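Colleague: So you can see what is in the structure, the chains are spelled out below.
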Amino acid sequence: MRYVLFRNQTVRFVDGTEQRYRDASGPLHRWGIRLSELDEGEIAAVEEFFAANQGEFGSFAFTDPWNGQVYNNCSLLGESLDVQTVAETRGGTTLTVVENRG
Amino acid sequence: MDMLVYPQLATGALSQFPIRKQHRKRTVVNTAADGTSIKLADPNGELTQWQLAYADLSDAEAGALEQFYSAAEGTLNSFVFLDPSGNLLAWSSKLDDEVWTPGPLLSVIGGISDPDGGTEAWRLTNSSAGAQDIIQTLEAPAGYFYCLSAYVRSAQAVSAAMLIGNGRADRTVANQWTRIVFAFSGDATASSIHFGLEVPSASSLDVFGLQVEPQGAASAYKATTTGGVYQDARLADDVLAITTTGVNRHSCTVNIIHAKHL
Chain C
22 MRYVLFRNQT VRFVDGTEQR YRDASGPLHR WGIRLSELDE GEIAAVEEFF
72 AANQGEFGSF AFTDPWNGQV YNNCSLLGES LDVQTVAETR GGTTLTVVEN
122 RG
Chain U
82 MDMLVYPQLA TGALSQFPIR KQHRKRTVVN TAADGTSIKL ADPNGELTQW
132 QLAYADLSDA EAGALEQFYS AAEGTLNSFV FLDPSGNLLA WSSKLDDEVW
182 TPGPLLSVIG GISDPDGGTE AWRLTNSSAG AQDIIQTLEA PAGYFYCLSA
232 YVRSAQAVSA AMLIGNGRAD RTVANQWTRI VFAFSGDATA SSIHFGLEVP
282 SASSLDVFGL QVEPQGAASA YKATTTGGVY QDARLADDVL AITTTGVNRH
332 SCTVNIIHAK HL
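So the sequences go chain by chain: C and U.
Taking the working numbering, the leading residue of the first sequence gets 22, the next gets one more, and so forth.
Taking the working numbering, the leading residue of the second sequence gets 82, the next gets one more, and so forth.
Derived from the structure by calculation, the hints contain no laboratory data.
All clues given are correct.
Taking CB as the label site, the calculated pair distances span:
(1) Gln97/U with Glu63/C: 19 to 25 Å
(2) Asp319/U with Arg55/C: 31 to 37 Å
(3) Asp318/U with Tyr24/C: 36 to 42 Å
(4) Asn94/C with Asn329/U: 56 to 62 Å
(5) Asn94/C with Ile323/U: 47 to 53 Å
(6) Thr110/C with Asp178/U: 27 to 33 Å
(7) Tyr24/C with Arg330/U: 45 to 51 Å
(8) Ala340/U with Asn94/C: 27 to 33 Å
Away from chain C, derived, C-beta distances all over 10 Å, residues of chain U:
(9) Leu90
(10) Ala141
(11) Lys175
(12) Glu179
(13) Pro183
(14) Pro185
(15) Ala210
(16) Gly248
(17) Asn256
(18) His275
(19) Ile338
(20) His339
Computed from a predicted structure; not experimentally measured.
Each residue gets a CB set at the ideal place from its N, CA and C atoms; glycine is no exception.
Okay, chain C solo, but in the shape it has when bound (with noise of 0.2 Å):
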């Protein structure tokens, strides 16, 4: 799954007319990812990425899926990674990726 957040502000007036703002300089991309059949090795790569961005602490760049752009500054979203395996071969995981601002 695709996200474009943006960060706009509503003001209503009492005639009922509204005046909008944007909040922020321009939109902000998450993606969802859903991983499934995964392998132990492609398993402990996902952990060791976690890992080494140290939950949503770290950044990193990430190419998006759809178009192949990369958007420079990313990080997972989320203090935790679950991941379930159910048998051989036959693991998953679902992760989240923001965009950072700045």
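Using the hints provided, position chain U relative to the given structure of chain C.
Modeller: Then chain U, alone, in the frame of chain C:
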């Protein structure tokens, strides 16, 4: 040896599928209105949790788990836990790291092409007149059943020895990448055990994917940095519920945690 260790099953495996493993890292995040954020890492907030589901355990296996629960007194006492889905070795793709102890006359050179198409393999060259080894010692129960595996190749056919504690097995190394495997159980009274490879005199071999697992056979290679030995792990529950589903057939679920701050 007073080290309390999590029991292996009769097969030598530590767990059954499915295995659920959760990593948690703590980061303090202050997000401003425009979406910019300031982050502060808290390395000591790290927590790892396993959920091990067992089915069709024998009376002896269920008894061993029950005995272990009693010895640990539920969540009270800590124990050594070996990650059942991990590679126990630290820095498995960095043989010049200080966790590895090479023989004094063994040359260890990195950047060699590996069987996965990268350059993560290492060349071990022994130009001396005697055998030289490279080992890593783990503070893990030596009496466990371990499987050591590695991908190796050599320009000339040589015989390399795989080392697990006081056990060794000679394996022929050909000029194509081949995975060599050795499963062994060491001295049950020792509280640490070493794993490694021995290179015969006047020979050279390329190595990739050194891996140790607490089970009888090798699974896919997992490159590591920290390794899979967790000292001071604890049971997450005070209750162990064992369901008997038939004669000599039991099932249960065990939750284990390892927290850096505990």
